[in-house]
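J.: Here is what each chain is made of, one letter per residue.
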Amino acid sequence: MDEITRQAMDVFFRGSEQRAYLMAMTLTRNHHDALELVQESMLKLVQNYCDRKQEEWAPLFYRILHNGIKDWYRKQKVRQVLRELMLLRADDETIEAPACEQSAEHKALIDDELTRVLQALQQLPLRQQQTFLLRAWQEMSTREAAFALSISENSVKTHYARAIQKLRQLLGDENE
Amino acid sequence: MNEQDRLEQKIRQTLDRQQLSDDSRNALRKARMTALDSRSGQSVLSWKPAAAFASLVLIIAGVLVLGVQNEAEFPQADVEDLAVISSEDEFEFYQELEFYVWFDEDQDV
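Protein sequence lines correspond, in order, to chains A and B.
Position 153 of the first sequence, counted from 1, bears residue number 153 in my numbering, the numbering being contiguous throughout.
Position 59 of the second sequence, counted from 1, bears residue number 59 in my numbering, the numbering being contiguous throughout.
If you are wondering where the hints come from, they were derived from the structure by calculation, not from laboratory data.
Do not rely on the hints blindly, as some may be mistaken.
To be verified - Where chain B lies over chain A, by a calculated footprint (3+ residues, C-beta under 8 Å): (1) 8-18; (2) 60-70; (3) 161-170.
Unchecked claim - A few chain A residues that don't get close to chain B, going by computed Cβ distances all over 10 Å: (4) T26; (5) R29; (6) K53; (7) Q76; (8) Q122; (9) E144.
It should be emphasised that the depicted structure is a prediction, and the values quoted were computed from it without experimental measurement.
Note that the Cβ used here is the ideal one computed from N, Cα and C, for glycine as well.
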């Protein structure tokens, strides 16, 4: 990678890393896993796609990130099933589910309204959360979001409409 | 601005209010540098497969050259030798071939 590309990628990551981390944090609710997912996405983008046009970096970066988040969810589900099986077998032993892991400072920095929004988002299915965050927060077009999530544009529209409908139900009263 | 736009804007603004801790900022900066350096390191590492391939080519070339030289030193089988080897006649027949030629010529006379 030449110096110009390196500088351009550095600028791209500086502009994207915080939101990417917060997005991963919102979806995983785990500080360490969110950091790891962002770092992994950065590595993959640099190693595999630094030669691509700069305007392709953002959709590629978010595609890698969201694929990582999808895999993370799969692993969590497997762990959850295993944990439930273990709970069934262990009659007397108490096995606690891992708690939502946020850094202490992050907890201190979020206010009540933000907590309500995050809680509302977390009530949505993963695809709706991802679609909403990419479309509404990252301000991606339907096409870009479809690429990032590896789904069709029609699916993006459906997930987004359902997400809005649910969020309106959950946050609508406060919004009016 | 319709109701949906207002809701989106409100959520967007709320999410944007999140601030990262210094620890998280530092961790992200470190992740960024690691990612950027990984490619620089890889460009150096990419010489290794190339060097390995070049070595392999040299070894194969060496083996082929030596093989050709050895082949040149190996005595070439004559067509006559092949005829002898592949013949069903007794080997002694060929050892006494000169006698039979002489005998044959002598008979003609």
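J.: Now, for every hint given, state plainly whether the structure supports it.
T.: Evaluated hints:
| no. | hint | in the structure |
| --- | --- | --- |
| 1 | 8-18 | holds (count 6) |
| 2 | 60-70 | violated (count 0) |
| 3 | 161-170 | holds (count 3) |
| 4 | T26 | violated (8 Å) |
| 5 | R29 | holds (13 Å) |
| 6 | K53 | holds (17 Å) |
| 7 | Q76 | holds (21 Å) |
| 8 | Q122 | holds (13 Å) |
| 9 | E144 | holds (16 Å) |
Hints 2 and 4 from the earlier list are contradicted by this structure; the remaining hints agree with it.
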